[in-house]
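Novice: My request is simple: use the sequences and hints to build the entire structure.
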Amino acid sequence: MPMAGLTGSDLMRHFQTVTDPYTGESWAAIAAIKPDWTILHAHEADEAGNVQIYGAKYDDILKAKAAAHVLVTCERLIPVAQTAAHPERTDLPGFLVDAVVEVPKGAWPHSCEGEYGYDEAFFRRYLAAAAGPDDAYRAFVAEVVGQ
Amino acid sequence: MSFTTPDIMACAISRLLRDGEIAFFGLASPLVMVSTLLAKATHAPNLTFLSIPGSINPVLDRLPTSTVDSALLKGSTGIFPLSEIFDLSARGRLDTAFLSGVQIDGRGRINMSAIGPYEQPKVRLPGGAGSALLLPTARRTILWRTRHDPRTFVEQLDFVTASGNVAWVITPLCLFGRDGVGNLYVHSIHPGVTPEQVVKATGFPVAVDADTLVTPAPTPAELDALSRIDPENVRAAEF
Chain A
1 MPMAGLTGSD
11 LMRHFQTVTD
21 PYTGESWAAI
31 AAIKPDWTIL
41 HAHEADEAGN
51 VQIYGAKYDD
61 ILKAKAAAHV
71 LVTCERLIPV
81 AQTAAHPERT
91 DLPGFLVDAV
101 VEVPKGAWPH
111 SCEGEYGYDE
121 AFFRRYLAAA
131 AGPDDAYRAF
141 VAEVVGQ
Chain B
1 MSFTTPDIMA
11 CAISRLLRDG
21 EIAFFGLASP
31 LVMVSTLLAK
41 ATHAPNLTFL
51 SIPGSINPVL
61 DRLPTSTVDS
71 ALLKGSTGIF
81 PLSEIFDLSA
91 RGRLDTAFLS
101 GVQIDGRGRI
111 NMSAIGPYEQ
121 PKVRLPGGAG
131 SALLLPTARR
141 TILWRTRHDP
151 RTFVEQLDFV
161 TASGNVAWVI
171 TPLCLFGRDG
181 VGNLYVHSIH
191 PGVTPEQVVK
201 ATGFPVAVDA
211 DTLVTPAPTP
221 AELDALSRID
231 PENVRAAEF
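Residue numbers (the working numbering), protein chains in the order written: chain A, 1 to 147; chain B, 1 to 239.
Hints in this document: simulated from the structure, not taken from any laboratory. One or more hints might be untrue.
Simulated restraints, written as ranges between beta carbons of each label pair [to be verified]:
#, chain 1, residue 1, chain 2, residue 2, range
1, A, H86, B, R107, 49 to 55 Å
2, A, L71, B, M1, 53 to 59 Å
3, B, V59, A, A48, 48 to 54 Å
4, A, A139, B, L27, 29 to 35 Å
5, A, L71, B, S83, 17 to 23 Å
6, B, V214, A, A68, 55 to 61 Å
7, A, L71, B, P126, 22 to 28 Å
8, B, G92, A, A66, 38 to 44 Å
9, A, A139, B, T4, 39 to 45 Å
10, B, V214, A, F15, 40 to 46 Å
11, A, K105, B, R147, 33 to 39 Å
12, B, G180, A, P87, 54 to 60 Å
13, B, V214, A, L71, 56 to 62 Å
14, A, E88, B, A129, 30 to 36 Å
Quick reminder that beta carbons are idealized off the backbone N, C-alpha and C, glycines included.
Specialist: Here is the structure:
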């Protein structure tokens, strides 16, 4: 894909350029990323896979549309009729979604806007464990994954 | 009136912003977030500022330390996501981008990629996070760094992650401008900083002497606005 910018960057050692056939301008050509799966967490999704994210969406929708398969976890599973009452709120249509799992607090230890903030105390524990000896870190991981 | 290094840097950044322009700051930018709010509260009420969560001119009652926090959406009048910000910049409509670099050279180029050889680095850095796309396309970029020493301001970058339209560089010691041929020069040194300190802390040659301008100290009105906007001193979080 052609991209504006990147001129004067050593990153161009790793990229090719293409010429715009209409203007003759040169563009950096970046290979598209095609993930096998995108996994994202949303506020609500219905049984048909329609997804609604409230507030900041960051790059979630782009990532989902780039992937061959999409797995969505959500705070709440809602009826399709509720989605259909406000179709303009659907960020990702169900036909692009492979599976939906209801996982309340599924973004933890990160935040889910309007539901809960990021768990700062947990991240501080993680940082301390990651900076510590290997066995202490492994014990920390076992404790978290076992939760 | 007493002030801190974050105060003078916030004021210096704020004064560079122009009324009516469109500005963007990214992640890990609490100092710039406060500076932008200061500009909007003082001389630039019609400034539009964008952020990673996609906020447009949010009205924040409590400032987050993380500038990717969705708390930045509070009072936002719309959502303009990051992909749209890159498009805006690509078509020449982003007036000011705020970026930084682990290393910065005398031409305002930045390294965010690696210390040592790129293929076998001594330290692998986090990467440019899009700065290679924004630096050449934003109408101007303001760099800031809360550390000013010869390891940061270097003669030669280990890797040029991004190069482009840098107009200003703000540090705890001084404000660099960029001259007609693209080299950084010391525009002003902050109050209390000596020319020798700046020369010693900078890895590339700089011309600075007793005649160099001094960055105006924060005014009482600016300090008053800062304490109102940022009572919890989030602007100091990067130091």
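Novice: Going through the numbered hints above, which ones does this structure break? Give me the numbers in ascending order.
Specialist: 3 and 8
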